[in-house]
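Asks: Below are the chains, spelled out letter by letter.
Protein chains: 2
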Amino acid sequence: MNDPIVKPVADAPAPRKLSREFRRQQLIDSTIETIAARGYARTTLTDVANHAGLSHGLVNFHFQTKEKLLTETLLFLAEEYRANWTRALAAADSAPAAQLDAMLRADFNPAICTPAKLSAWCAFWGEAQCRPLYQEHCGSNDEAYFTAIETICKDLSDEGPYSYNPSRAARVLRVTLEGVWLDMMTTNTPYSRAEALATVYACAAAFFPRHFTGEGLMG
Amino acid sequence: MNDPIVKPVADAPAPRKLSREFRRQQLIDSTIETIAARGYARTTLTDVANHAGLSHGLVNFHFQTKEKLLTETLLFLAEEYRANWTRALAAADSAPAAQLDAMLRADFNPAICTPAKLSAWCAFWGEAQCRPLYQEHCGSNDEAYFTAIETICKDLSDEGPYSYNPSRAARVLRVTLEGVWLDMMTTNTPYSRAEALATVYACAAAFFPRHFTGEGLMG
DNA sequence: GAATATTGACTGACTATTCAGTAGGAGACA
DNA sequence: TGTCTCCTACTGAATAGTCAGTCAATATTC
Numbered sequence: 001m002n003d004p005i006v007k008p009v010a011d012a013p014a015p016r017k018l019s020r021e022f023r024r025q026q027l028i029d030s031t032i033e034t035i036a037a038r039g040y041a042r043t044t045l046t047d048v049a050n051h052a053g054l055s056h057g058l059v060n061f062h063f064q065t066k067e068k069l070l071t072e073t074l075l076f077l078a079e080e081y082r083a084n085w086t087r088a089l090a091a092a093d094s095a096p097a098a099q100l101d102a103m104l105r106a107d108f109n110p111a112i113c114t115p116a117k118l119s120a121w122c123a124f125w126g127e128a129q130c131r132p133l134y135q136e137h138c139g140s141n142d143e144a145y146f147t148a149i150e151t152i153c154k155d156l157s158d159e160g161p162y163s164y165n166p167s168r169a170a171r172v173l174r175v176t177l178e179g180v181w182l183d184m185m186t187t188n189t190p191y192s193r194a195e196a197l198a199t200v201y202a203c204a205a206a207f208f209p210r211h212f213t214g215e216g217l218m219g
Numbered sequence: 001m002n003d004p005i006v007k008p009v010a011d012a013p014a015p016r017k018l019s020r021e022f023r024r025q026q027l028i029d030s031t032i033e034t035i036a037a038r039g040y041a042r043t044t045l046t047d048v049a050n051h052a053g054l055s056h057g058l059v060n061f062h063f064q065t066k067e068k069l070l071t072e073t074l075l076f077l078a079e080e081y082r083a084n085w086t087r088a089l090a091a092a093d094s095a096p097a098a099q100l101d102a103m104l105r106a107d108f109n110p111a112i113c114t115p116a117k118l119s120a121w122c123a124f125w126g127e128a129q130c131r132p133l134y135q136e137h138c139g140s141n142d143e144a145y146f147t148a149i150e151t152i153c154k155d156l157s158d159e160g161p162y163s164y165n166p167s168r169a170a171r172v173l174r175v176t177l178e179g180v181w182l183d184m185m186t187t188n189t190p191y192s193r194a195e196a197l198a199t200v201y202a203c204a205a206a207f208f209p210r211h212f213t214g215e216g217l218m219g
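The listed protein sequences derive, respectively, from chains U and C. Read left to right, the first sequence gives residues 1 to 219 (the numbering used here). Read left to right, the second sequence gives residues 1 to 219 (the numbering used here).
These are calculated hints, taken from the structure and not from any lab test. Heads up, some of the hints might be wrong.
[Unchecked claim] Below 30 Å or equal to it, Euclidean Cα-Cα: the simulated DSSO-like pairs (lysine-lysine) are:
| hint | chain 1 | residue 1 | chain 2 | residue 2 |
| --- | --- | --- | --- | --- |
| 1 | U | Lys68 | C | Lys66 |
| 2 | C | Lys117 | U | Lys117 |
| 3 | C | Lys154 | U | Lys68 |
| 4 | U | Lys117 | C | Lys154 |
| 5 | C | Lys117 | U | Lys66 |
| 6 | U | Lys66 | C | Lys154 |
| 7 | U | Lys117 | U | Lys68 |
| 8 | U | Lys66 | C | Lys66 |
| 9 | U | Lys117 | U | Lys66 |
| 10 | C | Lys68 | U | Lys117 |
If you're wondering where the values come from, they're calculated on a predicted model, not measured in any experiment.
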């Protein structure tokens, strides 16, 4: 628990002084790990600092208050998530099916889908005071996400053509992604990302059988 | 926030002394409300007691420690949830489609699907220390639930017949229910139970089109 | 030497828990 | 019916522990 994240490199002692940005990021990472390990309610500044091998006074030096640290941690997660699906969409083929496939896969990118980050997301969702905060800063992220997945489903529905209401299909896909994330946290025998992705593909195949199978994008 | 839950009846003043069981339930209810209003991390015994119009000493009198109060609150929610779907299944027609319909509807029973209870569930899920606790006491509940919905989906799949893997379909339905619950908590413009149920039915219709439409059970 | 980062002892506020005391009700007995 | 005694629920002041935030001293880098 107290292992410092940053180990000194053998022949070049870790610089005691690091750039503002580096330390801030290091403390945000420690916050995520600490919340995952101890829970939101039991997370103290000392825990966070110790996890990074630093003293708690430094946390206040860089973030002023605990609340600001937690806020910035949430904003970091939100921005990382947004950047991840945005990048995935941009990198994918422009065909609706490929776009949807990219969107579904994006959620299981190992960079954002780690146990600690899932746990931290879960903790922020659960903490009543965090929801308005999230809405205020990231509500527009979610709206963009909803719009993106809905538009793709509409295009895919036209292309099929499929008779399902594409908005409903989009929402089912979205909540399935959310539900699977939650499942990965809470289920007794947590299943792998691969298994989670298979569940999402089963859903996509049920709505868009001409484009998806239970194994993934067709063709 | 400080409104006593139990108002004195006009001509019969509220008894100062009430039965052990009544007070315990009253305090558990207050705990749910307080967690919903203030968040898990900020919930204090004084908050809980004030919400019930009682003194904080009484909480320790009845529950010994704060931890036990929170544990018992979680167990109460879990048992209420289990009893709800079990009862719904028993009351429904034995045809697989009717059983599945009962199971899907059960989650939206106004008795268990209140904003405060959703919020409390969310808080417990989010708090890392609560997950092992839940597993230990209620893991078997979840297993029974998984088995029930999986069995029903298998029967329904045979009856269709449908080509989807019924276990996957069951899991998608289950995580859709979970995801919709989460959505009711977190989305900017929270949608009604009716709208949430429609989303779940869209999912059921996608997997079992010979038994469900987007509006619900067929026939 | 100046600027900045870092430490850690300290403070003050908050809160879980304890406990000595209060009060209402239920029998026992007259 | 009155009153005495006991039991249990209940109160709230006191206690003890925790933790966020402060700050003077120190280290590091330029």
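Asks: Confirm or reject each hint.
Replies: The hints, checked one at a time:
Distance check on the hinted pair: Lys68/U and Lys66/C sit about 28 Å apart at the alpha-carbon level, within 30 Å; holds. For the suggested pair Lys117/C and Lys117/U, the alpha carbons sit about 25 Å apart, so the restraint of at most 30 Å is met. The hinted pair formed by Lys154/C and Lys68/U fails the criterion: a straight-line CA distance of about 50 Å is larger than 30 Å. At roughly 35 Å between alpha-carbon atoms, Lys117/U and Lys154/C are farther apart than 30 Å, so this suggested pair is violated.
Between Lys117/C and Lys66/U, the direct Cα distance comes to roughly 28 Å. Compliance with the 30 Å bound is thereby established for this hinted pair. Restraint check for Lys66/U and Lys154/C: not satisfied, since their Cα atoms lie roughly 50 Å apart, outside the 30 Å limit. For the hint linking Lys117/U to Lys68/U, the alpha-carbon distance of about 18 Å falls within 30 Å, and the restraint holds. For a cut-off of 30 Å, the pair hint linking Lys66/U to Lys66/C stands: about 24 Å separates their Cα positions.
Proposed proximity of Lys117/U and Lys66/U is supported: the alpha carbons are some 19 Å apart, at most 30 Å. For a cut-off of 30 Å, the pair hint linking Lys68/C to Lys117/U stands: about 28 Å separates their Cα positions.
Hints 3, 4 and 6 from the list above are not met by this structure, while the remaining hints are.
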